[in-house]
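**Student:** Spelled out, the chains give:
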Amino acid sequence: MSRKDRKNKHSEAAASAAVPAQAPDPRWEIAGAAARVILGGVFLLSGLHKAFAAPEEFAAVIEQYRLLPPQRILAFATAVPWIEIFVGLSLVAGYWVRATAAVAGGLFVMFLAALGSTLVRGIPLENCGCFGGGIHLTAAQAMGLDSILLCLAYCAYRFGSSYAPLDAWIDRGA
Amino acid sequence: MPSKDSQTRRVIAGIGLLLATAVIATAGRLMTPPFEPGVPAYREKGTPGAPIVITEFSDFQCPACQQVVGPLHQVLTLYPGKISLRFRHMPWDFHRWAAAGAAAAECAGKQGKFWEYHDLLFARQGAWSLAATPEANLSDFLRYAKETGLDETAFGSCLKDPETAKAIEKERKENRDAWINSTPTMVINGKRFIGSHQLRTVGLNHIENELKKAGRF
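Going down the list, the sequences are from chains A and B.
Counting from 1, one number per residue, gives the positions in the first sequence under my numbering.
Counting from 1001, one number per residue, gives the positions in the second sequence under my numbering.
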């Protein structure tokens, strides 16, 4: 066997060994897609609850966190539902999945930090504001929910790119 | 490297999602008619026809509503002759005696003593809110009626009149239809403020800006 043959055989073996490691398990692909859709649904629900209410109500909830200056709170309260609806739609429609899942994960880290800071500072939150004035959760309950959703965001980031309709449409042009 | 075609598709999809977001986020606002609620004359204080109209949506059993009574009084004294304060009933189902409190204040109002009864209900919120039975609650309200100098017989029959509760329920529904979902909400010349903190910070700025616009500051 020539050196060239040996090299070819070696690279074929390496390639065949690499295939099972690179191709995701179909079960994970389904779990990733499900995580993406669930996460998108939660973002949409949360954004709609806030968008279909006066922004001043969400602003009143944000005030309780004592993290933002009063003049900035209303603008923040107005912007958040837009971000949540956009991220929610992107996840459900499967648009730029890894990027939107990363943004979703970043948002959950931010929410967890804000909630944690209220616990550390001893601020009693009547409502976390996660779903605007709609569904009332305490800081501890919200932290539990956000931790679960953060795991879903990771799952969507790692395995959620399959069965993503918009990304599939975009890739067809590649 | 993604092809030009794929990049174009990504931009088109992104714009489409942004447009969908804009439509969804603004749809509710566009569907909701402007809300300019009226109140009976006995539920208005300050200066009629004043350049600043504050409409307060409140629940007598809500602790945050109790906290806004002082700041609203301060606003009235800070800008004498420039404010008209109106009260709208927004009793919550989860406050056991809130609707009864609204009915009692309404019955006091029919005898021209709405604001006296309003102040008394908020001042003693911690007492009547703890009533264990409807009878105990009624007895509290009748005692307050006596203290306020109301005709107790007329007050009692007004409380029992189903029309009183019906009118409050109608008002609450109107408020909910206009997206009043928190108490206390203060609508100051069309702009909303929720809670005493918003009233004392951005609310006061809004009042001063409105007075400047009206040339009254």
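In case anyone wonders, no lab produced these hints; they're calculated from the structure.
Idealized CB from N, CA, C, for every residue including glycine.
There could be a bad hint or two in this list.
Each pair of labels, with its calculated beta carbon distance range [said to hold, decoys possible]:
#1 B:T1047 - A:R121: 29 to 37 Å
#2 A:G144 - B:G1156: 48 to 56 Å
#3 B:L1018 - A:P24: 38 to 46 Å
#4 B:Q1074 - A:G144: 24 to 32 Å
From chain B, some residues computed to sit far from chain A (all C-beta separations above 12 Å) [stated by the list, open to error]:
#5 V1011
#6 R1029
#7 G1049
#8 K1146
#9 G1156
#10 S1157
#11 R1192
**Student:** With reference to the structure, classify each hint as holding or not holding.
**Tutor:** Evaluated hints:
no. : hint                         : result
1   : B:T1047 - A:R121: 29 to 37 Å : 42 Å, violated
2   : A:G144 - B:G1156: 48 to 56 Å : 50 Å, holds
3   : B:L1018 - A:P24: 38 to 46 Å  : 30 Å, violated
4   : B:Q1074 - A:G144: 24 to 32 Å : 41 Å, violated
5   : V1011                        : 10 Å, violated
6   : R1029                        : 8 Å, violated
7   : G1049                        : 26 Å, holds
8   : K1146                        : 35 Å, holds
9   : G1156                        : 36 Å, holds
10  : S1157                        : 37 Å, holds
11  : R1192                        : 4 Å, violated
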